[in-house]
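Novice: The listed protein sequences derive, respectively, from chains P and R.
Okay, so the first sequence: first residue is 821 according to our numbering, each after it adds one.
Okay, so the second sequence: first residue is 821 according to our numbering, each after it adds one.
Since the hints were made in silico from the structure, they are not lab data.
Check the hints yourself; a few may be wrong.
What the hints assert, rightly or not - In the DSS-like style, the derived pairs of lysine-lysine whose C-alpha atoms are separated by at most 30 Å in a straight line are: (1) Lys931(P) <-> Lys881(R); (2) Lys881(P) <-> Lys948(R); (3) Lys931(R) <-> Lys881(P); (4) Lys881(R) <-> Lys974(P); (5) Lys881(P) <-> Lys931(P).
Stated by the list, open to error - Simulated restraints on C-beta separations: (6) Asp895(P) <-> Glu1025(R): 50 to 60 Å; (7) Gly998(P) <-> Leu877(R): 41 to 51 Å; (8) Gly998(P) <-> Gln986(R): 42 to 52 Å; (9) Glu955(R) <-> Leu1018(P): 40 to 50 Å; (10) Glu940(P) <-> Arg891(R): 16 to 26 Å.
C-beta: ideal position from N, C-alpha, C; glycine also.
There are 2 protein chains.
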Amino acid sequence: MTRTIDLWFEFASTYSYPAALRAEAVAEAQGFRIRFQPFLLGPVFRELGWNDSPFNLYPVKGRYMWRDLARICADEGLALRQPSQFPRNGLVAARVACVEPEADWLPDFVKRVYRANFAEDRDIADPKVVWDCLEGLVENPDATIAASQTPEVKARLRTNTERAAQMGIFGAPTFVIGEELFWGNDRLENALRFARALARVERAE
Amino acid sequence: MTRTIDLWFEFASTYSYPAALRAEAVAEAQGFRIRFQPFLLGPVFRELGWNDSPFNLYPVKGRYMWRDLARICADEGLALRQPSQFPRNGLVAARVACVEPEADWLPDFVKRVYRANFAEDRDIADPKVVWDCLEGLVENPDATIAASQTPEVKARLRTNTERAAQMGIFGAPTFVIGEELFWGNDRLENALRFARALARVERAE
């Protein structure tokens, strides 16, 4: 039974912040689980010819996005402080998220990193900030950060990024069920509706 | 009392199709009216450095959009046939939409043009197709089309397009209430929520 929805995310991505913070509760209320899938938007954007966030390349889109995000966060009761640097480099944190892809601590870690970036304006590119996000979630944050820098884990993030591009992902967050993509925080409910319909078909078969 | 929501649209815009077809019923159920505001995306896109629809410039985004639009149209019970030419030139139809900005026939005309483009795969750049969309709505379609080609009406569309850009509009559909922008068919409900909140404040004052 298809009871898992993949949430493909990038720590620098603005709309991934509300998505990551709200997805589990919304999905679990309908009997689904969220699997967090880290990838890097940088290489995906470079393929599209962008050497920066489109929200920086196209300031009119950026201005709208920050306003739209503020409304969304207000609706969701999420703190938002526009990061003094955007986008921040999420590489260190994304590698940490690849250490144990199915670990129980992963969802909490992901949420803490998003809060650090978008609610607390902390530099998530700094391993010390990532360390703080791990504290209390893993036994030894130093060991987890060390593990994130092994060739195996680095390769895991690279492979994830390549898979994302192959699947047709071009932005974050993207919810994925089978081969069906739902791009954007605002598509979570549609993704769940699709997942429910699919589950009904699978039950009937 | 702020009871009008402006729907800024462009006839070539894909997501404007479901927006134009559903906005009035959704808004009217909540006591609001939709005012259709035609503009041209071409000049707006050129300002962003795009000489074509971003869905053509970035095929991975285009593929996703057509899939996403198919899901939306299925949900809304709207026919969708991917136009054999995209984007189609909406200039003739947009000028006709500027002949009488507050005319009773305008909403029906707008919907017919969208259906012609996205449900019937007809070439809306052809004045004959635009004529068909006017038939039965205005007394004399020939006269309305002739009126659309006067300098006054041409200038009206140009002014609308400039106003859209000045307001920070960079895509269609965009719902506007005062200075607040809501971009995308999927933001209609948010726009209405904002409009209701604004109406409550105005009542209280």
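Novice: If a hint holds in the structure, say so; if it does not, say that too.
Specialist: Hints versus structure:
Restraint check: the Cα-Cα separation between Lys931(P) and Lys881(R) comes to about 27 Å, which is no more than 30 Å; the hinted pair holds. For the hint linking Lys881(P) to Lys948(R), the alpha-carbon distance of about 36 Å lies beyond 30 Å, and the restraint is violated. With a CA separation close to 27 Å, the supplied pair Lys931(R) and Lys881(P) stays within the 30 Å bound. Proximity of Lys881(R) to Lys974(P) is assessed by CA-CA distance (about 28 Å); at most 30 Å being required, the pair is judged to hold.
Of the supplied pair hints, the one linking Lys881(P) and Lys931(P) holds, its CA atoms being roughly 25 Å apart against a limit of 30 Å. At about 24 Å, the beta-carbon gap between Asp895(P) and Glu1025(R) misses the expected band of 50 to 60 Å. Checked against the hint of 41 to 51 Å, the C-beta distance between Gly998(P) and Leu877(R) comes to roughly 28 Å, which is inconsistent with it. Hint check: Gly998(P) to Gln986(R), Cβ distance near 44 Å, so the stated range 42 to 52 Å holds.
Checked against the hint of 40 to 50 Å, the C-beta distance between Glu955(R) and Leu1018(P) comes to roughly 44 Å, which is consistent with it. The hinted range of 16 to 26 Å is not satisfied by Glu940(P) and Arg891(R), whose Cβ atoms lie roughly 36 Å apart.
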